[in-house]
Each structure stands twice: as structure tokens, then as C-alpha cells.
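A.B. asks: Based on the sequences and whatever the hints tell you, model everything.
Numbers in this note's numbering are just positions in the sequence shown, counted from 1, shifted up by 188.
One thing to keep in mind: the hints can contain errors.
Here are the simulated DMTMM-like pairs of lysine to aspartate or glutamate, each with C-alpha atoms no more than 20 Å apart in a straight line [claimed, not checked]: (1) K371 x D392; (2) K367 x D392; (3) K542 x E403; (4) K426 x E414; (5) K367 x D355; (6) K371 x D191; (7) K542 x D431; (8) K367 x D348; (9) K542 x D449; (10) K542 x D512; (11) K426 x D383; (12) K367 x E349; (13) K371 x D341; (14) K367 x D306; (15) K371 x D306; (16) K426 x E410; (17) K426 x E496; (18) K294 x D341; (19) K426 x D385.
Simulated from the structure, these hints should not be mistaken for laboratory data.
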Amino acid sequence: MTDSFVSLRSLRKNYGQVRVLDDVSLDIARNQFVSLLGHSGCGKTTTLRIVLGFLQADCGSVLIDGRDMTDVSPRHRGIGMVFQSYALWPHMTIYENVAFGLRVRKVAEPEVAARVGDVVARLHLGGLEQRLPRELSGGQQQRVALARALVIDPPLLLLDEPLSNLDRQLREDMRLELKHLQKRIAQTTIYVTHDQDEALSLSDRVVVMNRGRIEQQGTPQEIYYEPRTEFVARFIGKATFLDVAIEAVDPGGRARLRARDGTPIVVERLRQAAGHAPGDRALLAVRPEEAVLVPATEPGALRARVVEHLFLGSVYRYQLALADGSDVFIDSRGPIDGGADAGLRFAGGCLVPKAPA
Numbered sequence: 189m190t191d192s193f194v195s196l197r198s199l200r201k202n203y204g205q206v207r208v209l210d211d212v213s214l215d216i217a218r219n220q221f222v223s224l225l226g227h228s229g230c231g232k233t234t235t236l237r238i239v240l241g242f243l244q245a246d247c248g249s250v251l252i253d254g255r256d257m258t259d260v261s262p263r264h265r266g267i268g269m270v271f272q273s274y275a276l277w278p279h280m281t282i283y284e285n286v287a288f289g290l291r292v293r294k295v296a297e298p299e300v301a302a303r304v305g306d307v308v309a310r311l312h313l314g315g316l317e318q319r320l321p322r323e324l325s326g327g328q329q330q331r332v333a334l335a336r337a338l339v340i341d342p343p344l345l346l347l348d349e350p351l352s353n354l355d356r357q358l359r360e361d362m363r364l365e366l367k368h369l370q371k372r373i374a375q376t377t378i379y380v381t382h383d384q385d386e387a388l389s390l391s392d393r394v395v396v397m398n399r400g401r402i403e404q405q406g407t408p409q410e411i412y413y414e415p416r417t418e419f420v421a422r423f424i425g426k427a428t429f430l431d432v433a434i435e436a437v438d439p440g441g442r443a444r445l446r447a448r449d450g451t452p453i454v455v456e457r458l459r460q461a462a463g464h465a466p467g468d469r470a471l472l473a474v475r476p477e478e479a480v481l482v483p484a485t486e487p488g489a490l491r492a493r494v495v496e497h498l499f500l501g502s503v504y505r506y507q508l509a510l511a512d513g514s515d516v517f518i519d520s521r522g523p524i525d526g527g528a529d530a531g532l533r534f535a536g537g538c539l540v541p542k543a544p545a
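C.D. replies: Take a look at the structure:
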């Protein structure tokens, strides 16, 4: 990658006999917002702590702006860090918490006041400077932790699940604030989360981790619509998975497939068909918004039966059963009669290789 600001090179880390990181290499461009996404224990926080300097990798290296950080202490890496717990000093006022990093760096008090005032204003914390952390809401505490990290003007900002302690509505509000802030400050940011919505909505790039390795990295759209492995396809969002045989794919992406019981399946726009030849078997992954309900009598439609539904507010999510027992999930704006026969067409889909048994 050109203009790489952060480079991770072949990072490995063991805890006893457990391999936590297994040959992790990653390049992050200047001013990018990159999320490390995965289940608990996949290695994302370990990666963050190695970048920060709180952990030493067993082998491999971390370069920031071309400088090898192996022997550089956390204090001298100049990194801003927002912890999951916020880690605010409970006996200090908000002003003192935000000013702490500047005072450690021996910045003159007039400049401390100016920089604290600027970041407090940017994060809408004005008027709260003399309060203690316990007197603030969770969202306000989160912004104080962010202000404390930003006030030192770090070249790199790290965030370790900073929204996980907030309720859903506040989490969504803070997600928007972070998005707006990132656009304003254009700062290189590494964000750790297990929340898919956060990663997809905030990031320029998403790095999906699994068992200490990078499973896939790409734009949020690539990760969601073009997963390269069954793990990523199942981990990101909801999808229908059908075991199919490939018959033909035309140059425009329209594909003719067959289900396990021989039922023909047509996908109007098949992604990632390259490398698959007629006769190959693969998993067809279809997102709920790509499955379309049509009359059961429509020629060429897959016959299905409605078995369950969930009301999600903006849409109804239905589970339908095909003749071979496979489940299909579809999002619909309106209700469908339970137990009703229905027809299905697939407007889009993606082929992924089946994971080893």
C-alpha cells in the first residue's frame, strides 16, 4: 500500500501454549479509519496493545511513519488511546483529566488552557470542565476520554471498544459523533470492536480477524457483499447459505445454479464467480435484502413456505423453507401470512468456498 503510515509485519504472540497472533501483517494508510473486527479472543485487542507498546510481540515488528517501534516505550510513541473503561481519573475534574497528557509533556499552562479549550469545544463538552467524571453520563465520559486522547495531537489514535458500555441509542448517537469527528480531524485511527454495525458504519477499511489471523480486509462494502471465506460470510450480517452446483455464469453475472435436490436456482447478479467452473460446488450466500418475494406461481420462481418471522422495526425478517429443507431469510416492508406458499427470486448473491469440515 502506498503512503503506509502504520505497518505491522508478521506479528506473532503466544500466551503459554496458546497462539494468540499468528503472522499478522497489515498496512494502514495515513488518515485512514481502520477497524479490527472479530469475536472475543480473536487477537484484535492483543494487536492493539502491541501497537501501543503495552505488549511485546514474540516476533515481528510495528512501524509508525517508517519508524520501528520495537524498543520505543508507550510514552514515547505519541499514540492517543481510548480504553473500553475510559480510565478517567475519578478525583480529577474534566479539565484536569483532559489536560493530564499535556502536563506530563511539560506544556506551558497558557498552551494547555488553549488546547484543552479547543478540544472541549470540538467535542461539545463546554460547561462541564469543573465536574468530576461521576457527575457525567456515559456518553459524556466517552467524549472526555476521547478529548484526553486527542488533546496531545497524536499521529495515531487507538480505540478499544469505546462504545461497548453504552446503551443502544447512546451507542448509535456516539457512532455518528465519531464519524463526524473523524471527517473533521482526518486522523489515522485503529478501532477495535466486536460490533459489526460499528465497524461497517465507521470504517474506511475493515479487518476481520479469526483465531489470531486476518481472515479478510477490505472496504465495508467488500466485506459485506464479497466475503472471501465462509467464516466472513457467516460472521458479517445475516445471510442465506445454499449448497449449490454451478451450471453457467454469463458475462453480465447472471448465474444458473442447482440446489442439492436438483432444483434450478437463478441469481441475477452473482459476485465472485471468478475461479468457479461449471460443475463446481460452492456455497451461495444471499443477503436478506437480495431475496425477492414473488407469487408462488411465477415461472422460474423457487417455491418456499413461510415458517417464522421477526419484526425489526423498519422491516419484517422472514424465514422461509425450501423444498430441500434449506432456510432462506428475506427482509420485507410488509407482513406475509404465516404458513403461506411463496415464490423467491435472488437479485444478487455471492459464491464462497465451503469451510473444511
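A.B. asks: Against each hint, give a clear statement of whether it holds in the structure.
C.D. replies: Verification of the supplied hints:
Proposed proximity of K371 and D392 is supported: the alpha carbons are some 11 Å apart, at most 20 Å. For the hint linking K367 to D392, the alpha-carbon distance of about 11 Å falls within 20 Å, and the restraint holds. For the proposed pair K542 and E403, the alpha carbon gap of about 14 Å is at most 20 Å, so the pair holds. For the suggested pair K426 and E414, the alpha carbons sit about 13 Å apart, so the restraint of at most 20 Å is met.
For the suggested pair K367 and D355, the alpha carbons sit about 18 Å apart, so the restraint of at most 20 Å is met. Proposed proximity of K371 and D191 is supported: the alpha carbons are some 19 Å apart, at most 20 Å. Our distance criterion of 20 Å between C-alpha atoms is met by K542 and D431, whose separation comes to about 9 Å. Note on K367 and D348: the hinted pairing holds, with a Cα-Cα distance of about 16 Å set against a maximum of 20 Å.
Of the pairs offered as hints, the one joining K542 and D449 holds, with about 18 Å between alpha carbons and a cut-off of 20 Å not exceeded. With a C-alpha separation of about 19 Å, the suggested pair K542 and D512 falls inside the 20 Å cut-off, and the hint holds. Restraint check for K426 and D383: satisfied, since their Cα atoms lie roughly 14 Å apart, inside the 20 Å limit. For the hint pairing K367 with E349, the CA-to-CA distance comes to about 15 Å; that is within 20 Å, so the pair holds.
A distance of roughly 15 Å separates the Cα atoms of K371 and D341; the hinted pair therefore holds under the 20 Å criterion. A distance of roughly 19 Å separates the Cα atoms of K367 and D306; the hinted pair therefore holds under the 20 Å criterion. Of the supplied pair hints, the one linking K371 and D306 holds, its CA atoms being roughly 17 Å apart against a limit of 20 Å. Proposed proximity of K426 and E410 is supported: the alpha carbons are some 15 Å apart, at most 20 Å.
In summary, the hint linking K426 to E496 is supported, as the alpha carbons are separated by about 15 Å, within the 20 Å threshold. A distance of roughly 15 Å separates the Cα atoms of K294 and D341; the hinted pair therefore holds under the 20 Å criterion. Straight-line distance between C-alpha atoms of K426 and D385 comes to about 12 Å, which keeps the hinted pair within the 20 Å bound.
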